Amino acid sequence: MIAAADDELTIFERSRPGRRAFEPPPLDVSERPLDELLEPRLRRSEPPRLPEVTEPEIVRHYNRLSKRNFDLDAGFYPLGSCTMKHNPKLHERVAALPGHAKLHPLQDPSRAQGALELMWRLQSALSEIAGLPHVSLQPSAGSHGELAGVLLTRSFHEDRGQHRSKVLTPDTAHGTNPATVTMAGYEVVKVGTDERGNVDLDDLRAKADDEVACLMLTNPSTLGLFEPAIEEIAEIVHGVGATLYYDGANLNAIMGICRPGEMGFDIVHFNLHKSFTQPHGGGGPGAGPIAVSDRIEPFLPRPQVVRRESAGNGSSNPLYDLDYDRPKSIGRLRGFQGNYGVFVRSYAYIRSLGAAGLRDVSEVAVLNANYLLAKLRQVGVLEYLPAGYDRLCMHEFVLSGAPMKQELSIKTLDLAKRLLDHGVHPPTVYFPLLVDEALLVEPTETETKETLDRFAEILADILSEAREDPEIARTAPHTTPVRRLDEASAARRPVVRQPL
Amino acid sequence: MIAAADDELTIFERSRPGRRAFEPPPLDVSERPLDELLEPRLRRSEPPRLPEVTEPEIVRHYNRLSKRNFDLDAGFYPLGSCTMKHNPKLHERVAALPGHAKLHPLQDPSRAQGALELMWRLQSALSEIAGLPHVSLQPSAGSHGELAGVLLTRSFHEDRGQHRSKVLTPDTAHGTNPATVTMAGYEVVKVGTDERGNVDLDDLRAKADDEVACLMLTNPSTLGLFEPAIEEIAEIVHGVGATLYYDGANLNAIMGICRPGEMGFDIVHFNLHKSFTQPHGGGGPGAGPIAVSDRIEPFLPRPQVVRRESAGNGSSNPLYDLDYDRPKSIGRLRGFQGNYGVFVRSYAYIRSLGAAGLRDVSEVAVLNANYLLAKLRQVGVLEYLPAGYDRLCMHEFVLSGAPMKQELSIKTLDLAKRLLDHGVHPPTVYFPLLVDEALLVEPTETETKETLDRFAEILADILSEAREDPEIARTAPHTTPVRRLDEASAARRPVVRQPL
Amino acid sequence: MSRYTPATDADRREMLEVIGVDSIEDLFADIPAGLRLTAPLGLGRGLAEQEVYDELRALAARNTSTEDEVSFLGAGMYDHYVPALVDSITSRSEFLTPYTPYQPEVSQGGLQAMFEYQTAISELTGLPFSNASVYEGPSAVAAAGYVAKHAVGRRRFVVSSGVHPHSRETLRTLAQGWGMEITEAPLHGGVTELPEIDDQVSAVIVQQPNFLGAVEDLETLAESARQAGALTICACDPLPLALLRAPGECGVDIAVGEGQTLGNRLDFGGPSFGFFAVTEALIRRLPGRIAGETRDLDGRRGFVLTLQTREQHIRREKATSNICTAQALNALAGIIYLSWLGRRGIVELAELMLQRTAYARERLTALEGVRALHEQPVVREFAIAVDAPVKRVIERCRKHGVNPGYPLGRDYPELGEGLLVAITERRTREEIDRLAEVLGEAVAVERRRSYQRVGS
Amino acid sequence: MSRYTPATDADRREMLEVIGVDSIEDLFADIPAGLRLTAPLGLGRGLAEQEVYDELRALAARNTSTEDEVSFLGAGMYDHYVPALVDSITSRSEFLTPYTPYQPEVSQGGLQAMFEYQTAISELTGLPFSNASVYEGPSAVAAAGYVAKHAVGRRRFVVSSGVHPHSRETLRTLAQGWGMEITEAPLHGGVTELPEIDDQVSAVIVQQPNFLGAVEDLETLAESARQAGALTICACDPLPLALLRAPGECGVDIAVGEGQTLGNRLDFGGPSFGFFAVTEALIRRLPGRIAGETRDLDGRRGFVLTLQTREQHIRREKATSNICTAQALNALAGIIYLSWLGRRGIVELAELMLQRTAYARERLTALEGVRALHEQPVVREFAIAVDAPVKRVIERCRKHGVNPGYPLGRDYPELGEGLLVAITERRTREEIDRLAEVLGEAVAVERRRSYQRVGS
Ligand SMILES: Cc1ncc(COP(=O)(O)O)c(C=O)c1O
Ligand SMILES: Cc1ncc(COP(=O)(O)O)c(C=O)c1O
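Residue numbers (my numbering), protein chains in the order written: chain E, 1291 to 1790; chain A, 1291 to 1790; chain U, 328 to 783; chain V, 328 to 783.
Isolated chain E, as found in the complex (with noise of 0.2 angstroms):
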C-alpha cells in the first residue's frame, strides 16, 4: 500500500482499536450461550476487520473525500453519451418519503397499490414516448435491457422453431451491445458506415440475412446523427425475419418528436439514468426498461405489472397486481420488480415535464448541440478539432483531435485533462471508435447559452495555448487533487483492496 497524506487516508488506515459509531439497542431477550444457537464449527474465527471509527470520523472521512469529484452540479459535464442533464431535487424528496422508501418487495399487492399503479403509469408513459404498447420495467440498465431485448428475440425465434445464430450491430455500437450479444449466446457481425455517418446499407444488405436475429441500433447514432434511411433499414431487417432493436441512450434528441415504434423498432430500451434524470451516483443506480411490439409482448420477463380493472371485492377502483402467469416469458433477469427508487424520480420528471415540456427537452437538446458545434467553428475551434461529419447534428455531436494532435502536438487525452484545469469535465474521448482521436460531445438541455460560449472560448484558450506551448497540456491536469495517474501500472499488479 503506498502511503498517503493525511488527508487521503482511507476509512481503514483512520481505524483505531475501540472506536465505534453503531451502538446496538440493548438485547432484551434472555441470552442463550452462543455455541447452542451457533456451533463453533460454523462460525467464523475472527470479525471482519471492519473499520473502527466514530460518526464524527466518518462524516468528515466521506466529505472530504466528496470533494475530491467532480459533479454535475458543480459543472459542466457534457459528457456524450451519458446525457448529464440536471437531476431535479424534488425527485430525491419524493423518493425519500417512507411510503416509497421502506416498502418492502414483498409487500402484498394489496398494500403496495400505490407503488403498483405509480408503476403501471410509467409504462403507460415510456410506452407513448416509444410508441410501442408493451412496457417491462424490470431491467436494472441499459446494458441489462440490451440482454433481456436479445433474450426476448431469442424466445420470439425458438418460439416459431428458429434458431438463428447471429446479431447485427453497427461498428459504431457502444461496447455494451457486442458484449451483450455475446452473452447471449450469439455471434457478433459488424455493419459498415457510410462516409455521411449512416449505416453502410449495401454492407448491411450483405449481411443481412436469415441467421440474423437482430440488429441493434441506436437513432440517433453514437456519432449524434439521425439515420436518414431508417425506414428502408427496418425493412430490409424485418424483411430477414430478424428483429429491429432500439438502444435508447440517446433518445434524449428525440422525445415528443419522432417514436421507434414509428421508426420500425420491435424492442427499445430506456435509460432512466439518462433521458429521465435518475442521477448517476458515480456508476449507478440506472434502470433500464423495455417497451416492446405485440408480437414481442408473450416473452417479456416475469412478473410484469397489470392492472386488473376492478378490485373485485365489490370497490370499482382499478387493482394493480404481479402477473407471474406469463407462460412464454424469458423469465426474470433479477431480484424483485425493478428499481423502483428510480422509477418514482423518472415518473415525477415526465409529470413535471409533460407531453409539452419533454418535447421541448428534445428540442433544446439540439438546438445547444447544434449551437455549441457553430459556436466552435465561430471561435475556430473546428480547424483543429473538425467534427467528424459535416451535417446538422441531434442532441451530441463527434469531433475529431487528429489535426490537433498533427499540427499541435496535442492528442484528445491531452485536451480532456487541460479541461479538468477550467472546471469542465471533459466530453467522451476515444468513443465512437469509428472517428480517429474522437471527443463526443453532448450538452444536455439544461445547460444555459453562457455556459456553451465559455466552453467554446475554454477550447479555443486551449488550443491556442497548445500552439505556444503544448507542454501544458501534455501534462496536464495541474490544478486537480492528483495529477495524471499511471494506469498502466495498477492494471499490471492490481492492488484491489487494503491490506490490513
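Careful, some of the hints might be misleading.
If we take Cβ atoms under 8 angstroms as the criterion, some of the chain U residues that face chain V in the derived model are [as the list claims (entries may be wrong)]:
1. Glu376
2. Gln377
3. Tyr408
4. Pro410
5. Glu757
6. Arg761
Chain A residues, not near chain U, derived (Cβ > 12 angstroms throughout) [claimed, not checked]:
7. Glu1321
8. Ala1496
9. Lys1497
10. Val1530
11. Val1596
12. Ile1748
13. Glu1758
14. Asp1759
15. Glu1777
16. Pro1789
Treat the hints as calculated values from the structure; they're not laboratory data. Note that the structure is predicted; figures quoted are calculated from it, not measured. C-beta: ideal position from N, C-alpha, C; glycine also.
Starting from the known structure of chain E, fit chains A, U and V with the ligands onto it as the hints suggest.
For chains A, U and V with the ligands alone, kept in the frame of chain E given last:
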C-alpha cells in the same frame, strides 16, 4: 460593483429575462380584475428585481458557493467559545419529520401534544443539567437569553420595590454581556481579573453595592478557567441582594460534573447551538433557553410549557399545554414558542447520550483541551505562544501571541491566516481582550487525538517557517478562494447590496 | 466513549500521561469538592440511534401537521410549499455547520449568500440597506423600536393594533429595559386609524398587511409620522410585497418582518428569520451582521462582515444591539427561495394568493351566520366572524379534516367570534370549497345548538 | 421553457442565427417527414413542483411501509435501520450526480470509496478480490454462473433449492443465452442435500443462510464441488457473515449477494447493489468495474478503474460481461454503513439478531398449530408452517398491524402452509411477543373455521 470571474458571479448577475425555476400551479378560481382586488394606488409600480434563473442554475450557483466555505465536516475547527463539536446527522433526520417540521405554531395544543411534550422533556433535562428548577425555552440565542435574564432580574427587583442601576461584568466577559446590560437599561460596571485569571475578589467586593442588580459570569470563564472561589463570589453578590447570572456558553466543560444551581446562580442560559449540537448554520439559528431558581420563576416569559396531570377528558394521560396566565411575567421575547426545530435536535442529543454520555462529553472536552495544551508545550509552541495562565484549563485555553509577534514578527492574525492554508480553521483570535494577541483554543470532545497531534505539528511548522521567512505568514492565506480582504475600505464605503 | 466521542481508553491513558496527571478527575481540581456531583444526572441511559429515531417519530406522530389536515392557519406563519432545492442546498455541510464567518477567506460562500440576500430584501422592501438577518418577525419589530429610540430619542412608540400581537408584546417586554412608553392606535374598519402623533413619539409602528389581513394605507401613515418628526416602522409579510407598494416607496424608515414564508419550515414556530432594512440615514444603527463587498490583495471581488463597529464584540456596552448568533441558515433558505420564485414568479404567486383569497372570502362570507370583519383589500388572509362560539365551530370543522383558521378571541376579544383565514398556493379551490362546506355546516349546527339552548 | 430548461426565446433566436437555420424544426431535417409526430404525446400538461409532490405523496400513502406496520417480512430484503449519516453523505451532489469515474483525476472521491468498499467485501467474504458492485443479488448469482461457465467450461450448474427463488429464476433466464443446463439439489431437513456432482458440472450454487434461514455446511459442499473439478458459488447475506465462517475460508470460489441490508433502503426492491468477490484465480474474469491503487506523476497515491481490458468498452464482444452502469451509489452506502457498524458492531448486530431470532423461533413454534419447518441453526430468519391456510392467517394478523412474514406457498408448494419470519435489530422483544400473540390467535381462529367447515 467589482467585476468578478464567471465562477464567482452573484445570482443576480446570472439572471436572464424570461428564465424561471418556479412554475405556479394553475389558477383554479375565476380570475377577477386586479384593479378590483387591489387599487393601483396600493400596488407597486415594478416587481422586485429578483433573479430570473432556472433550477439547474440555482443549484449550481449555490453548490459552487458552498465550496467556498470551510466547514466543520471538512476539518478541525477549534474556535474558542463556540464549541464546534460534531453535529450528529440523526438530528437533521428527526427534525425533518413532517410531524415536527410542518407543525403550525398556532396549532391547538391538543393537536400538538408531541411537540409540547418534547419541549417539556427538554425543559426537565435542562433543569436537571443546570441544577435549577424552572426553564423557559423561548430565547432565540445566547444573547437573547442574556437579555431575558437581565430583564428577569429587573422584574425581580422591581417586584420587591427596588430600582437598581448597575450590572457587573468581568473584564473577560463576552461582548454580548455588556451589550445586553445596556439594552436592558442598566449601566455596565467592569470587574477586574486577578493574575491567576480569576475574578478579582477585592474589586468585586468594592463594586458590589446595593445599586448592583446582577453579576453576569461565565464559568468556566472565557479564559477557559473555572472560578475556584465561585461560592465566595455568590455570597458577595447575594449579600448585596443582587442576582447571579450564568452565561452558559462554556457549559460544555461541566455537564454532569457540577451545576450552576449549586454554585449559587439564579439564572442560566444555554446555547443549544454550542453544547447541544444545533449546527451553527454560518451564523445561526440557535436557541438560548434559560433556567432559573424559584425566586425568579414568577417572571419567566410567557407562554410557558406546562404539564397538567390529567387531560381532563376522562383520560389519565397528562396534557401538555401553553400557560399564558402568568401575571408577573416579563412577557414575550419573540413570536410563538421558540426555536422548536432546535429543541428537537438538542433533545435528540440528550437522549442519545444520557447521563453518563453527557458527563463523558465534558470529561473528554477538558481532557482534549489539556492534552492539546500539553502537546503544544511538548513541541515547543508555547515558547512563542505562552498560555495566558499557567494552570490546568477546562475545555479551552488561551494563548498569547505577544512573544511570537516580538520574536518572529508575525501577529496572531498572521498565524490564523496561515492556518487556513493547512486546512484548519483558526482558533478565536483577539478575544478575550485581556490577553495580548490572544488565541482562544477549544478543541471539543468530538476530535481525535490524531487531529490534536496534527494541529500541534502544524502550529510548530508555521512557527519554524516564520523563523525562516515571516513574509509567508504575513501574506497568508495563499491557497484559499480569495486572499486577505480589505475590511477597512469595505466599512468606509459600504456596498451591502448589488446595484441592479 | 460514545458514538460521537473518539477518545478510546488507550487514548485517554496516553493523553493523561502527556498532561502529567493521573486521572481525568484531576483535571477538575479547580472545582470545589463540595460542588462536584457524586451521582449521575437524572437523565437515564444513552440510547442507540434507532431508539432515538423511534422516540422522536412517536412524538412527531402526536402532532397534527399541515400534511395531516387541510389547514387555513396563518396569523404570522404560513403553509407555503418549500421547493426541494432549498433543503438540498441548506443541508450541505458547507452551509449547515460553519460558525459566523469570522475568517472571510474561507467563508466566501456564506458571505456572498448574505450579500445576495441583502440585495433581495432591499428589492422587496424598497429600502437600500438590509442586514443579514435577526431572530424572527416579532423580535425584529422590537429591534426596530430600539433603533428608532436611539435615532429619535423620544420617549414613546405609537403601535397600531393591527400589528401582530406577538410583536406588540415583544416590544412591550423589551421596552421595559429602555424605559419607553407605548400607546396603541386602534383599528377602524379593519385598518389603523390615523393616530395622533405628538412630539414625544420616536416611531409609529404598523404592519402590512395588518394582522386582520387588511392592506394599510402606508403612505398616509408614514407621511403623518414624518411630519411629527417620528420614524415609521413597518412589519411586512414579504410575499404580498410582490404586489404592494414597497415600504421604502411609501416613506417607511425601517421595514422588518417574519421570513418564515421565504423557504423556511413552519417548525412549530422556529427557527425562521427576521429581516431588517433601513434608509440610508440609519445604516450605522442597524443591528446584527452585514455583509459588504470589498477586494482581496489581488484585487478580486470578495465579501466580508462589515460595519462591525456597530456590534457587541467591538463596541460592547455601546453596541447598537446585543445580537450575536442570528439566523444565517434560514436567511440562506430565504435567498434561495426568492431566486427560485424569481422576478415574475413572485408576482404570479402573490396573484394566485390574491385571487384565491378573494374567492375564499366571497365563498365564506356568503355563508349563513358568517360575516366579514372588514371590507378592506386583502392579499392572502382575511378575517371573518361567525355567529356561534368560534372554538366549537373550529372543533367541528376539524372532525372533517379541515382546520378553518385562527380564532381571534384571545388577541381581539372586542371582535367577538372572529376567525382569521389564510390562503397560500397550497390551498386549492377544491379545498376552499370543502372549507366552505364544513364551515357552513359547523356554523349551522352550532347556531341551532345555541338557539336550542336559549329556547330550553 | 421549463423550470429545468434555461433557453429563453431570445436565446433560441440568437442560437438559431449562429447555427444558420430558421427554426428548431429545421434541425430535425434528417428525420423523415412521415415519422415526425404531428400531435403532442398523450402525457398531459406539465405540473408545478408542488403538484408533483402532492401526487407522489398520495401514491406513497397507498403503500403500507415498514413504518406503517410491524413487519416480519424478509426473504431477501430486510427492514434494517439505516443510520442518518448514510443519507447525509450519499445525498451530497459530489457522490450523487457524477458519471462512472472515467476521469480519475477528478473522481478520487468515488474511486477511493470503491477501493474501501472492495476491501470491506473482501473482509466479509474472505476472498481477496471484489469488484465495485453489480446490479443486485439474484443477477449477481447469474453473473457468477457466467464466470464459472467460462472458467470451467462444462455444460451444467447444480443449484441448491435453498437458493433464493429469484436467483434461481434469473440464472435460468440468462443461462438460456449461454446454453447451460441446470439441475436442482433439493433440501433435506432444511439444508442442501449433498448433490451428485459429475464431470459435466461447472459450478455448484448454494446460499448462506439459505432461503429458509438455515445455515448451510458450506465447507462440505465446497469440498465435494472442488473434488469434482467444479467451482462453488455462494450467495450470502452479508450481516450473518459477521458470525459465520467466511465463504473464502470454506473453499467457496465466488461469493456474491444482495447488498440492500448494508445501508440501503427497501425501495420496493431496488435500487440496491450486488456484491461479487472471487479467488485470485478468477480475478481477470470479474464482471464490472474494479478500483485499483496506483500513483500519480508526483508519486502520490491515487485510484483508477483497473483491469479494464475485461470490460465491454474495451473488449466489446469478448468482454467478461456486458455490465456498464452498475450501483456505485448503493455500494457507497454499503461501505459507509459497514464503517458505521465497525469490527465490533457488526458482530454485536449479528448476535442481537441471533438471540432475538432464537427467541422468536421458540415463542412461535411453541404456539398451538405452529411448527418449525426445520431444526437447523438460523441467524436472522426461520421457517415455520401453520396448521391453517397461511394467507388467511397472514390477513388476520395484519388486521392487528402485524405482518407476520412471507408465505412460502408460491416458491415451495411442497412445504405446505409455510411462513418465513425475519428478525432484525428493528424488531424488539415486545414486537415479537405481539407477533406470537396475534399469530397464535389467528391460527386458532382459522383452525376453528376449517374444523367448522369440515364439520358442517
Ligand atoms: C449508446 C449506449 N448504449 C448502451 C449503454 C449502456 O447503458 P448502461 O450504462 O445503462 O448499461 C450506454 C451507456 O453509456 C450507451 O451510451
Ligand atoms: C461567552 C459567550 N457568551 C455569549 C455568547 C453569545 O451567544 P449567541 O451567539 O448564542 O447569542 C457567546 C457566543 O459566542 C459566547 O461565547
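Verification of the hints:
1. Glu376: This hint holds: U/Glu376 lies near chain V, its Cβ roughly 6 angstroms from the closest one there, short of 8 angstroms.
2. Gln377: holds, 4 angstroms
3. Tyr408: Cβ of U/Tyr408 sits 4 angstroms from chain V, so the hint holds.
4. Pro410: holds, 6 angstroms
5. Glu757: Result: violated, 12 angstroms to nearest chain V Cβ.
6. Arg761: violated, 15 angstroms
7. Glu1321: About 6 angstroms separates A/Glu1321 from the closest Cβ of chain U, which leaves it inside 12 angstroms; violated.
8. Ala1496: holds, 20 angstroms
9. Lys1497: holds, 15 angstroms
10. Val1530: holds, 21 angstroms
11. Val1596: About 16 angstroms separates A/Val1596 from the closest Cβ of chain U, which puts it past 12 angstroms; holds.
12. Ile1748: holds, 15 angstroms
13. Glu1758: holds, 22 angstroms
14. Asp1759: With a cut-off of 12 angstroms, A/Asp1759 remains clear of chain U, as the shortest Cβ separation is near 17 angstroms.
15. Glu1777: It is violated; A/Glu1777 is separated from chain U by about 5 angstroms at its closest Cβ, not greater than 12 angstroms.
16. Pro1789: Check fails; 9 angstroms does not lie beyond 12 angstroms.
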